[in-house]
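**Q** Chain by chain, the residues:
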Amino acid sequence: MHRSLGRVMSFTVLFATLAGLLAACGGAASTPPPVERTVVVEATVIVERTVEVPRDVVVTPTAAPQAEGAKIVLRVGTGDSGEGLTPHLKIIEQFEQANPDIQVQLEPVGSGDYYARILTQIAAGDPPDILQIGDDAVPQFVQKGAFADLGPFISGSSYPLDTGIYLPGVLDPGQWDGKQYLLPKDFSPLAVYYNKKLFDQYKLPYPTEAWTWEEFLATAQALTKDTDGDGKTDVWGVQLPGPWTSGFEYWVAAAGGRLISEDGSTFEGYLDSPETATAVQFYSDLYNEYKVAPPPADLNAFGGGNSEFESGKAAMRLFGRWPQAGLKENPNVDLGVVGPPAGVERANVLFWGGFGISALSENQEAAWRFLSYYVGAQGAEVWKDWALPTVASVAEASGQANDPIEGVWIGELDHLAPRAYVSTPYWGATADPALRRVLEQVIIDPATDVPAALKAAVQEAQQALEDQQ
Amino acid sequence: MLLLSVAALFLIPLLWMISSSLKPDYAIFAVPPQLIPNPPRWANYPEAMTFVPFGRYTLNTLLISAVSIVGNLISCTVIAYAFARLRAPGRDALFLVLLATMMLPYPVTMVPLYVLFNALGWINTFLPLTVPTFFGSALYIFLLRQFFLTLPTDLEDAARIDGANTARIIWHVILPLSRPALATVAIFTFQATWNDFLAPLIYLQNPQNYTVTLGLQFFRTSYTTSWAYLMAASLITMLPVVLVFLLAQRLFIEGIALTGLKG
Amino acid sequence: MARLSATRREALTFYLCISPWLVGLLLFVLGPMVVSLGISFTRWDLLTPPRFVGIRNYERMLNDPLFWQSLKVTALYTLLYVPTELVGGLALALLMNQRVPGIAVFRTIFYLPSVISGVAFVVVWMWIFHPEAGLLNLALAQVGITGPRWLTDPRTALSALWLMSLWGLGRTAVIYLAGLKGVPKELHEAAVIDGATSWQAFRHITIPLLTPTIFFNLILSLIATFQTFTSAFVATNGGPLDATLFYVLYLYRQAFERFSMGYASALAWVLFVIILSLTLLVVRSADRWVYYEGARR
Chain Z
1 MHRSLGRVMS
11 FTVLFATLAG
21 LLAACGGAAS
31 TPPPVERTVV
41 VEATVIVERT
51 VEVPRDVVVT
61 PTAAPQAEGA
71 KIVLRVGTGD
81 SGEGLTPHLK
91 IIEQFEQANP
101 DIQVQLEPVG
111 SGDYYARILT
121 QIAAGDPPDI
131 LQIGDDAVPQ
141 FVQKGAFADL
151 GPFISGSSYP
161 LDTGIYLPGV
171 LDPGQWDGKQ
181 YLLPKDFSPL
191 AVYYNKKLFD
201 QYKLPYPTEA
211 WTWEEFLATA
221 QALTKDTDGD
231 GKTDVWGVQL
241 PGPWTSGFEY
251 WVAAAGGRLI
261 SEDGSTFEGY
271 LDSPETATAV
281 QFYSDLYNEY
291 KVAPPPADLN
301 AFGGGNSEFE
311 SGKAAMRLFG
321 RWPQAGLKEN
331 PNVDLGVVGP
341 PAGVERANVL
351 FWGGFGISAL
361 SENQEAAWRF
371 LSYYVGAQGA
381 EVWKDWALPT
391 VASVAEASGQ
401 ANDPIEGVWI
411 GELDHLAPRA
421 YVSTPYWGAT
431 ADPALRRVLE
441 QVIIDPATDV
451 PAALKAAVQE
461 AQQALEDQQ
Chain C
1 MLLLSVAALF
11 LIPLLWMISS
21 SLKPDYAIFA
31 VPPQLIPNPP
41 RWANYPEAMT
51 FVPFGRYTLN
61 TLLISAVSIV
71 GNLISCTVIA
81 YAFARLRAPG
91 RDALFLVLLA
101 TMMLPYPVTM
111 VPLYVLFNAL
121 GWINTFLPLT
131 VPTFFGSALY
141 IFLLRQFFLT
151 LPTDLEDAAR
161 IDGANTARII
171 WHVILPLSRP
181 ALATVAIFTF
191 QATWNDFLAP
201 LIYLQNPQNY
211 TVTLGLQFFR
221 TSYTTSWAYL
231 MAASLITMLP
241 VVLVFLLAQR
251 LFIEGIALTG
261 LKG
Chain X
1 MARLSATRRE
11 ALTFYLCISP
21 WLVGLLLFVL
31 GPMVVSLGIS
41 FTRWDLLTPP
51 RFVGIRNYER
61 MLNDPLFWQS
71 LKVTALYTLL
81 YVPTELVGGL
91 ALALLMNQRV
101 PGIAVFRTIF
111 YLPSVISGVA
121 FVVVWMWIFH
131 PEAGLLNLAL
141 AQVGITGPRW
151 LTDPRTALSA
161 LWLMSLWGLG
171 RTAVIYLAGL
181 KGVPKELHEA
191 AVIDGATSWQ
201 AFRHITIPLL
211 TPTIFFNLIL
221 SLIATFQTFT
231 SAFVATNGGP
241 LDATLFYVLY
251 LYRQAFERFS
261 MGYASALAWV
271 LFVIILSLTL
281 LVVRSADRWV
291 YYEGARR
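Protein sequence lines, in the order shown, are assigned to chains Z, C and X.
If you read the first sequence in the numbering used here, its first letter stands for residue 1, the second for the next number, and so on.
If you read the second sequence in the numbering used here, its first letter stands for residue 1, the second for the next number, and so on.
If you read the third sequence in the numbering used here, its first letter stands for residue 1, the second for the next number, and so on.
To be clear, the hints were calculated from the coordinates, so they are not data collected in a lab.
It is possible that some hints are incorrect.
Across the chosen pairs, the derived CB separations fall in these ranges [as the list claims (entries may be wrong)]:
#1 Z/Ala-452 with C/Leu-198: 39 to 47 Å
#2 Z/Thr-208 with X/Leu-166: 48 to 56 Å
#3 Z/Glu-83 with C/Ala-7: 54 to 62 Å
#4 X/Pro-49 with C/Pro-89: 37 to 45 Å
#5 Z/Glu-396 with X/Ala-139: 49 to 57 Å
What you are looking at is a predicted structure, and each value in this text was computed from that prediction instead of being measured.
C-beta: ideal position from N, C-alpha, C; glycine also.
Given these sequences and hints, build the entire structure.
**A** This is the structure:
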């Protein structure tokens, strides 16, 4: 019995080996039958190069003579995923039709591992030609020479771009040191979602533009209810994004403060300023003192685990535009949107993603042609169905500027305060974790001495800043 | 009895996964939680599977798995046998080195390895994911070595007296006795390649070559997660591994021939 | 040509057999390891060329409170996880080893969770641990206990991750199962006939014969817990208040979020030395408690 089983096994192994070998040889190199539109002939030539990148590279676009019939293959890296890839693919299809000498290969990677991948690729000298990055990564990447200065392309003679077409403020995150390195893909300020159902149920007027922190608090308190008398809150006034530091910058700005000096050299007097302390205290009080906000369900994903608003158990939610599509379809919610309340002043912060051309790219001319299409007026026509368009004319024409919901987002662009990372490329490594720790602490422990915690944070951040030099 | 209650405990999170996979996103986190979705949203499954081309990804991953299993089985058996049965100077030191190689965290050799594979031109192929298995994987060498050490040496000694060389011994004596261990190696290799994330992430660029785990990542963006789709897709992509396990189980049940020695 | 002695021939066969591994070692392991050691003496942000800084990264480590915190978290977790995994896995394997109709289904149920892809696995448990709506606290409430806030409470977050990991015991159990199959039932039965209780037979016959498997699982456990990453990355991102800041998570952060690849490499080498020392300890002690029936020559 052993022998026959052994024989079966050996045949299986043999067969599997052959199959495996055949497959291994064939699988990697064969051209797969097209299933999605992203299929592209992958024959990118990887040229050996050292990683040394001169800092002040100024690219002068020249009309590169093309070899007969050779298509330029552009690689585009993006952190978008799933359905969010559809607009990318649509634009690519349109562009390739209009520009038959270029083929575009989209290389998407979902979620937070995108940076690990592109950093590895850059370190090995092999990044995609066009890269998408988020706003707070801009200083680091740009300062270290990862992106090409788009200035010469923008004002160049072959494919110029009129930067006036964009909505206010959306170009700024892609700039550094006065030069434009990235163009905007999509953006979102903060806003307050509110559930008309709950407002109607408790007969409260909807929030209005330019409302204040006091009005905000009063509304939230009026909508925090224990409906079945068991001592536990069943309806919450507002769902807040927990210890999310970037979103918290709105609170600081609205309190009239800053988190870092303009020249980026010091946090002292800013991170621990009275204005910042006011913001932190108010935020903490919303959770612990007035108890209008449900405690964070998990401390990852900036309170992304909280779902009270989605389930119709919270009347308001402070967040960006990302979950809006799902909220509109949600039967528990009759959606309304209003700008965040003003503290001492009216303020907002912008979240942003953009595309740039890798400084290591060998096809910068071609990449520019695609880039200006991708995020220019033509691309915006496609994007408008998926996100807020960055181009003003498209926003107008599509009616979004006047839409009761979309118009709010666009309107908030007039009240933007500069993000902290703009002042220093080391924000993420220094004050951001310190601030996050403060926020976590005040949410968990109501008895925290806020000014003392902020002072400790300043020391930690300042020390980290010195370590970076 | 005990078996049933422990099994029930293990099943509960799984049941929640299945339940969530049939709800629309906003209903998943409803309080109080509903076990049976009403109505069940079967559409989640085809929608999740076409969110990104999972069919293609599955084929890719199956390919990588199959080749890796073959690579591991061939190389690790021979190497493990050597460590278990053959004497040589430096063997024990080398064994320690073997153990040590399992300890360096991946994020750190990631970049030098990438540079190496880039220089070889293997980026964007399956080669970095499969070829190393033909050089042995420390974990399975270790596993098989431990297993081989439990086999009494009588059969091998007899075979050697009859003049068999190492290759024949491995083929005729060791292999038939090692079915459960080999099955374990096969199952684990399959599972490891199926769930491998970091390596495919950096070595595969063209989305046509992506694996299943890369596909699952698409359900999470920086700011939102498509929970229902994630659950549905995870459940489906789990099935092949379960299938392999079910099939390979027969090798466990049949036991090994060891006990026949005493008779 | 002089005939090689038997010992010589055996040694040669040994090296011939392991030659693929040796080659792979040099190419895929030692090479990159040496490079990463080199990187640990530099400052490198992956975007610009590395800059040599000597042992500064290692000095920085000593004064870095987060480094010590991450060591502490990882060590605590190891103390929690390794014993329970070894014992729990064995218990589960015994359950899986019964000759009961349909045992294949049970085995699959136990093994299934360890096969679920990392993110999905963790996400399921994040919901179970939800302080208000999660299954765990709801179940506790049935018995009148108000459950803690699990993943958002610095005191319980680590325990929550530990509980979560137990769902993956199936994998260890399967290895034990393979080992159990190698224990001849006749020995067990003979002992019982001679008057030993089941438990005595188990303790004095089965377990000693299982020691190679236990050894294997122990080493594996040690290496694995020190490299815990996904659960912390997805569920808590190291929080709250760094209560779950696992070592490799901290390392990953330094490498890819803080642009400090040099420091990350230094961290990696320190980790390597720690695990190596621990493993050496276990291996040395193995001679005293691991019994190989097919004696080691």
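**Q** Just tell me: holds or violated, for the beta carbon distance of Z/Ala-452 and C/Leu-198 against 39 to 47 Å?
**A** Between Z/Ala-452 and C/Leu-198, where Cβ atoms are some 41 Å apart, the hint holds.
**Q** Go ahead and decide if the range 49 to 57 Å is satisfied by the Cβ distance of Z/Glu-396 to X/Ala-139.
**A** holds, 55 Å
**Q** Look at the Cβ atoms of X/Pro-49 and C/Pro-89 and judge whether their distance stays inside 37 to 45 Å.
**A** With Cβ atoms ~43 Å apart, the hint holds.
**Q** Range hint 54 to 62 Å: satisfied by the CB atoms of Z/Glu-83 and C/Ala-7?
**A** violated, 37 Å
**Q** Regarding Z/Thr-208 and X/Leu-166, is the given constraint of 48 to 56 Å on their beta-carbon distance met?
**A** holds, 52 Å
Checked against the numbered hints given earlier, the structure breaks only hint 3 and satisfies all the rest.
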